[in-house]
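If you want the building blocks of each chain, they are given just below.
There are 2 protein chains.
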Amino acid sequence: MIPSLRWLDDEGAVEMIDQTKLPYELTFLKITTHEAMARAIKVMNVRGAPAIGVAAAMGMTLAAQQATANKASSREVLFAYLENAKKTIDSTRPTAVNLFWATSRMMGKAKATQGDTKEVVAALVAEAKVMWQEDIDRNKAIGMHGAALLKDGDTVLTHCNAGSLATVQYGTALAPIRAAIEQGKKIQVIADETRPRLQGATLTAYELYYDKIPVKVISDNSSGLLMRLGKIQKIIVGADRIVRDAVFNKIGTFMVALAAKYHNIPMYVAAPSSTLSLSESGKDVTIEQRDDSEVTTVLGKVKIVPDGVEAINYAFDETPIDLISGIITEDGVFTPKELLAKYQSRTK
Amino acid sequence: MIPSLRWLDDEGAVEMIDQTKLPYELTFLKITTHEAMARAIKVMNVRGAPAIGVAAAMGMTLAAQQATANKASSREVLFAYLENAKKTIDSTRPTAVNLFWATSRMMGKAKATQGDTKEVVAALVAEAKVMWQEDIDRNKAIGMHGAALLKDGDTVLTHCNAGSLATVQYGTALAPIRAAIEQGKKIQVIADETRPRLQGATLTAYELYYDKIPVKVISDNSSGLLMRLGKIQKIIVGADRIVRDAVFNKIGTFMVALAAKYHNIPMYVAAPSSTLSLSESGKDVTIEQRDDSEVTTVLGKVKIVPDGVEAINYAFDETPIDLISGIITEDGVFTPKELLAKYQSRTK
Numbered sequence: 267m268i269p270s271l272r273w274l275d276d277e278g279a280v281e282m283i284d285q286t287k288l289p290y291e292l293t294f295l296k297i298t299t300h301e302a303m304a305r306a307i308k309v310m311n312v313r314g315a316p317a318i319g320v321a322a323a324m325g326m327t328l329a330a331q332q333a334t335a336n337k338a339s340s341r342e343v344l345f346a347y348l349e350n351a352k353k354t355i356d357s358t359r360p361t362a363v364n365l366f367w368a369t370s371r372m373m374g375k376a377k378a379t380q381g382d383t384k385e386v387v388a389a390l391v392a393e394a395k396v397m398w399q400e401d402i403d404r405n406k407a408i409g410m411h412g413a414a415l416l417k418d419g420d421t422v423l424t425h426c427n428a429g430s431l432a433t434v435q436y437g438t439a440l441a442p443i444r445a446a447i448e449q450g451k452k453i454q455v456i457a458d459e460t461r462p463r464l465q466g467a468t469l470t471a472y473e474l475y476y477d478k479i480p481v482k483v484i485s486d487n488s489s490g491l492l493m494r495l496g497k498i499q500k501i502i503v504g505a506d507r508i509v510r511d512a513v514f515n516k517i518g519t520f521m522v523a524l525a526a527k528y529h530n531i532p533m534y535v536a537a538p539s540s541t542l543s544l545s546e547s548g549k550d551v552t553i554e555q556r557d558d559s560e561v562t563t564v565l566g567k568v569k570i571v572p573d574g575v576e577a578i579n580y581a582f583d584e585t586p587i588d589l590i591s592g593i594i595t596e597d598g599v600f601t602p603k604e605l606l607a608k609y610q611s612r613t614k
Numbered sequence: 267m268i269p270s271l272r273w274l275d276d277e278g279a280v281e282m283i284d285q286t287k288l289p290y291e292l293t294f295l296k297i298t299t300h301e302a303m304a305r306a307i308k309v310m311n312v313r314g315a316p317a318i319g320v321a322a323a324m325g326m327t328l329a330a331q332q333a334t335a336n337k338a339s340s341r342e343v344l345f346a347y348l349e350n351a352k353k354t355i356d357s358t359r360p361t362a363v364n365l366f367w368a369t370s371r372m373m374g375k376a377k378a379t380q381g382d383t384k385e386v387v388a389a390l391v392a393e394a395k396v397m398w399q400e401d402i403d404r405n406k407a408i409g410m411h412g413a414a415l416l417k418d419g420d421t422v423l424t425h426c427n428a429g430s431l432a433t434v435q436y437g438t439a440l441a442p443i444r445a446a447i448e449q450g451k452k453i454q455v456i457a458d459e460t461r462p463r464l465q466g467a468t469l470t471a472y473e474l475y476y477d478k479i480p481v482k483v484i485s486d487n488s489s490g491l492l493m494r495l496g497k498i499q500k501i502i503v504g505a506d507r508i509v510r511d512a513v514f515n516k517i518g519t520f521m522v523a524l525a526a527k528y529h530n531i532p533m534y535v536a537a538p539s540s541t542l543s544l545s546e547s548g549k550d551v552t553i554e555q556r557d558d559s560e561v562t563t564v565l566g567k568v569k570i571v572p573d574g575v576e577a578i579n580y581a582f583d584e585t586p587i588d589l590i591s592g593i594i595t596e597d598g599v600f601t602p603k604e605l606l607a608k609y610q611s612r613t614k
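Same order as they appear, the protein sequences are chains S and P. Position 192 of the first sequence, counting from 1, maps to 458 under the numbering used here, and the rest follow consecutively. Position 241 of the second sequence, counting from 1, maps to 507 under the numbering used here, and the rest follow consecutively.
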């Protein structure tokens, strides 16, 4: 899969896949201002925590370019402009931790850079490109560690989209699958459609098909039977947040984990270590509830319940960590217990 | 809710709700031939095991009328025509045991009836109407037995539609809820939307809302979290076939049962005893696979996967019977063990 977004050196602009148009057409947006980037994040032209982080960083770079184009002659004027841009970008997806992390890193880089405004802009262009490359490198490391868990001939179930499209490129949950295939293993993927927003059907299926990786789509309620029938050997999902006793990920992950446990099928969570928040436990986390209309319609296109009937729409669920066989990060594969030992010194 | 189908004496025809049009409009079909009835069953204008049984019986009556209209002068010619019609009807939905039960009963009735072909036709009209009334009576009995399991204030999860629309009237899984409410208990319902065909969102929500019973719809992958959050007290589902070690019901039932077991929430299967096939075990049952397009689109209206990507679409799944707390039939509530003891003498 081509990168979900990239910096265009010649133009000083960002090109990104418009994911709201997938799987129907592969179209690109060109983003030249931080306001346009904020809007792209908000309306989910780009989505997925790692991709959002890099998009936000590039948004800060665009802001620096805008400020100097507007003749910001002093560092102070430039920094004030950047602080303002940071607020605009940070307000787009209030729950996305990567967003604040990325804009803060860029702000820090700006202030730490010696020289005039031109040099600060150059440093921010470079930093955004470093973050872009870091994301790919991290995903490749996740892929390398995770690929060792997959056997030639395995069929792997995944839920939602933690693939190339959720990152700069290569993906997190899909990285081990990509790496295993690069190693010459024959791997097939089953993608949960992932109601209500159908990221599995629309995005995971799209990027795997694009890369000629065999994929079939199922309704979310089917994986239990497929496990029972012996048609699934491994499960890999991503994570939005991993706390010390639970994994928070797209709604439905928990029911997949219960079925996996019952059938003794290994279930892995693949996520960069930035997803870890081990000072928290599950009860500290409030699960986002989203608008009814995501459930009462399909993609806003077809109403599926009678007028007057309401829905309950939790965006994420909580999977007790003891249901997880292993957590794959850029540093290796860890049991829940090993994960705590490895990262226990970190606080977030 | 009005009956899902009924025999029109004046016209010698069947009138049925076209369930493929719900929840958008309440429209009716008139069925005058067994071929049309087979088609209505196949394309799911009528669905739900008990309703299918009565529809199949009425289809046999229509076949008898057709045969005599075609001047089947002898019983032998009539029976041959009926055997043929039975094959046509039986082939529509391979997992539905009620179908074979109903057509066999009608075949037996035909042969056991004394007299000429006209008398056989009259007997089949009467028999279909008896089966229609028996279904309602049985559902009311299921409701009475099941209502005793529900407490005032309970929220009950159900999957698919085993309601009035799945039967002649009143429902199986929804019967205990209806009866408990008639007894003055306050009961709320959570309905799984039930991909791919969304019978929960379109039918269960429709009939409960129609009857002013509080209902909310969720995506199928949400019930695990809701159980974890303490928002579900009981689960009642229907069944397409109950064998000695497993329950076959709409895809997704198994994953609900696994979540129920994990949370120690009682999960009941409500079904008429005609659904029992206790001489069989799970491995004897072939699970119907339906067309990809049910999964790759939503109700045929919106394509949700990229062109070229296939789906896996099992219509039913198999729930090991030890995950079920009780089976509610017209005769009472039984643990799996009690069920075998009660009905073991029956062979099918």
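A portion of the hints provided could be inaccurate.
Intra- or inter-copy, both count: the list cannot distinguish identical chains.
Here are the computed lysine-lysine pairs in the DSBU-like style, where the Cα-Cα straight-line distance is at most 35 Å [what the hints assert, rightly or not]: (1) K308 to K569; (2) K527 to K353; (3) K478 to K337; (4) K451 to K569; (5) K497 to K527; (6) K417 to K569; (7) K296 to K608; (8) K451 to K296; (9) K375 to K452; (10) K377 to K452; (11) K353 to K497; (12) K337 to K377.
It should be emphasised that the hints constitute simulated quantities derived from the structure, not laboratory data.
Hints versus structure:
1. K308 to K569: Answer is both; intra-copy 22 Å and inter-copy 24 Å each pass.
2. K527 to K353: neither (40 Å within a copy, 42 Å between copies)
3. K478 to K337: neither (49 Å within a copy, 60 Å between copies)
4. K451 to K569: For K451 and K569, the Cα distance is within 35 Å only across copies (31 Å; inside one copy 42 Å).
5. K497 to K527: both (15 Å within a copy, 23 Å between copies)
6. K417 to K569: The answer is between: 33 Å across copies meets 35 Å, while 42 Å in one copy does not.
7. K296 to K608: Intra 40 Å, inter 69 Å, cutoff 35 Å: neither.
8. K451 to K296: neither (37 Å within a copy, 56 Å between copies)
9. K375 to K452: neither (44 Å within a copy, 57 Å between copies)
10. K377 to K452: For K377 and K452, neither the intra-copy (49 Å) nor the inter-copy (58 Å) Cα distance is at most 35 Å.
11. K353 to K497: between (46 Å within a copy, 33 Å between copies)
12. K337 to K377: within (18 Å within a copy, 97 Å between copies)
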